[in-house]
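A.B. asks: We have chain C already, so just place chain R on it with the hints.
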Amino acid sequence: MESLNATKPKTRLSNSNLLFLIAAVIFVLMYLLAIISFPGSFMQFQTFFDLFNLNAPLIIMTLGLCVVMIVGGIDISIGAQCGLVTMACAMLLESKMGSIWGALLLALGIGIAFGLLHGYLIAYLEIQPFIITLAGLFLAQGLLTTLHKDPINVTMPAFVALRDFKITIPWLGTQNRLGVFIPCQIKPGVIVVVVLVVLFAALMKWSRFGRNVYAVGGNIQSARMLGINVKRTIFFSYVICGLTAGIAGFVFIMTTGAGNIGNGALFEIKAIASNVIGGILLNGGVGNLLGAPIGTLTLLVINELIRAAGVQSNFQAMVSGLLLYLFIVLQSLVMSLRGGGEFRIALPPWLRLPWLKGKRL
Amino acid sequence: MQRSEIHLGLKAHLYHLSNLFLPLSVLVLLIVINLIKGADYFSFTMVKGVFYGNIPNILYGASELVILSIGMTLVTAASRGQDIGIGEAATITSAVFVWFALNAGEVTLLTIVAAFLLSCVVGLVIGVFNGTLVSIFRVQPMVATLILFIGGRSIAFMIDGKLSPILANDISNQIGTVIPGVPIQTPIILTVVFIAIVAVVLKTTNLRLYIESVGINPDAARLNGINPKKIIFLTFLIMGICTAVAGFIAVNKAGRHDSVNLLKFIMMDAILAVAIGGNKLSGGKFSITGSIIGAYTIEMLNRTLLRLEIETETIKAFKAVFIIILMVVGSPVVRVFAGKVINRVRTGRFRSVLKRSAPKSTKEE
Chain C
1 MESLNATKPK TRLSNSNLLF LIAAVIFVLM YLLAIISFPG SFMQFQTFFD
51 LFNLNAPLII MTLGLCVVMI VGGIDISIGA QCGLVTMACA MLLESKMGSI
101 WGALLLALGI GIAFGLLHGY LIAYLEIQPF IITLAGLFLA QGLLTTLHKD
151 PINVTMPAFV ALRDFKITIP WLGTQNRLGV FIPCQIKPGV IVVVVLVVLF
201 AALMKWSRFG RNVYAVGGNI QSARMLGINV KRTIFFSYVI CGLTAGIAGF
251 VFIMTTGAGN IGNGALFEIK AIASNVIGGI LLNGGVGNLL GAPIGTLTLL
301 VINELIRAAG VQSNFQAMVS GLLLYLFIVL QSLVMSLRGG GEFRIALPPW
351 LRLPWLKGKR L
Chain R
1 MQRSEIHLGL KAHLYHLSNL FLPLSVLVLL IVINLIKGAD YFSFTMVKGV
51 FYGNIPNILY GASELVILSI GMTLVTAASR GQDIGIGEAA TITSAVFVWF
101 ALNAGEVTLL TIVAAFLLSC VVGLVIGVFN GTLVSIFRVQ PMVATLILFI
151 GGRSIAFMID GKLSPILAND ISNQIGTVIP GVPIQTPIIL TVVFIAIVAV
201 VLKTTNLRLY IESVGINPDA ARLNGINPKK IIFLTFLIMG ICTAVAGFIA
251 VNKAGRHDSV NLLKFIMMDA ILAVAIGGNK LSGGKFSITG SIIGAYTIEM
301 LNRTLLRLEI ETETIKAFKA VFIIILMVVG SPVVRVFAGK VINRVRTGRF
351 RSVLKRSAPK STKEE
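So the protein sequences, as listed, match chains C and R.
Per the numbering used here, the very first residue in the first sequence carries number 1; after that it's consecutive.
Per the numbering used here, the very first residue in the second sequence carries number 1; after that it's consecutive.
Looking at chain C on its own, in the form it has when it is part of the complex (with noise of 0.2 Å):
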């Protein structure tokens, strides 16, 4: 039997692990150098932790948005759902009425109506998904502004406790200049977003939906021939992703506890980016779905070094642009280089390296 093992060859990586992996060593050399250049607050775990205190909810968003996009579809409307959702939230617990619970269904059903109209629209009309879900944004944006034009902070008791509420883990923390312990401390919507994390990684690793998923995004005329409902897999995968929009709301507003027309703006761009960082391309077919984290979490560091490396507020999004161009042609040349064995970039002849032609990586 060990004879056998040993002569099985070995198999390359796939192009999503490829992906997935350039994206987490970056993401670690990334953490590193954040270690090296501020050992002061990034040596802290709880600043780690608070990482993923403050934004949950996009993380959350880009696990539904990677489905969307591993079937070869987009999602433009989340961060404005996220925002309706907030706001709904926000006005259900302020009435009469309101009740954690409620508040919790009417955030997933939100979601889910998003989801299921967009899902239709565009797997059974084969309307382009782009102009669907830009629909989807203006819709959620004006229900938003027609709810409520005002910020709202919710003061139910049972709420604001749930909001307050943090999970203290006392075997983790650090000294303050007192020599005073002081324990790390996480938002109940960390433990969501673990949770969805290995739930969404043995959705779209094992089931056969997720499966169904790969093979429409990679090729949607294979996986017909091969007898997959690819209506069915991009319906359910929008399905998904407006559930994951509304789970994001209530986290949303679990964290800050109030409603507001600004919450979750420009979150779907953040997304989008944040997945293309992890390695999941807009094509489709190609991505671990654990790339999303791990992507959100390096745009998330490189925001946090440039805010911490005091660079001038309005040249923080010119920063990250100049990271986020570095990071595609990064991509982009290494998938490149695995193509065909041959360095295949339209580069002009005096560019070409020489060392690199007929190697394979």
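Mixed in with the good hints there might be a few duds.
Stated by the list, open to error - Under the rule of at most 16 Å between Cα atoms (straight-line distance), these lysine to aspartate or glutamate pairs were calculated in the EDC-like manner:
hint, chain 1, residue 1, chain 2, residue 2
1, R, Lys280, C, Asp150
2, C, Lys231, C, Glu94
3, R, Lys340, R, Glu313
4, C, Lys149, R, Glu311
5, R, Lys230, R, Asp219
6, C, Lys149, R, Asp219
Calculated directly from the structure, the hints in this document are not laboratory data.
C.D. replies: Just chain R now, with coordinates in the frame of chain C:
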């Protein structure tokens, strides 16, 4: 076999028909709604020798959108993706324009033209940046232009130096509003001139054929001697020029350069214009006319919603419902079904449609 051929022929026929059918029917619908609201919709008044009214206002308001949607159509057709950084690119080019116009000392027609040419060069540089990423590094257009979308406004802010420099001189005022003695607002004239130039270029060169063949199948185009990379690169260069022109018009209209809000989120409207114009967002055949009509339709829709006195908060929701209805009516499934129904009605076999259409629509995906 025969049936499928007929079906294909029908599909192709419908495609040509629907290219302009959808945007035009929407335009007609909007005009009807407006006429119901008030019969004086088409009336316009002469103020100081210049036409004002609903229609001139639409033409005036949509001028940047029209120019950008022309560029977006070409980019979409060749690279099968969309440029989402056009608003930001236009902000950068107009920032350069304002910077040059304000620093050149006295503002004359010559400095304005020089500043405009400089901003065109900046637009070309942006086009080179995006085009390199898309054609050489094979990044999806939406991702490649995401970089500029994120960083563009802070670059423009850096060029501005201070918050929103003001263009207070006669020439830019005339470009933004009216030239004395000319009865039409200047942005409308500039838009018409731009459309004419694009039309002449597309008529006299092979560009349309090349872009369409690259968009339909880049590999087949390469085998036929067309370099897909060059064509995609070229469309991004054209897009750069379009953003420069649009930024020029927008900043002269506004009279000041606001790097935060200038042409914000216009890429959504531009992509929408391309889609309403009957173009596929996945590349291939394109119709510039459709996109232009689509752009004017969007402007008309915005103004119609305002005219119907819908509250500003709900306008976006109405717009969304309108877009969804529009796209459902124009969707391939509904279109093919409608075509079948029309055909059967014409040949007098209406009853068989209802029997056959249900299982057939699921089979022919």
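A.B. asks: Of the numbered hints stated earlier in the document, which are not met by this structure?
C.D. replies: 1, 2, 3, 6
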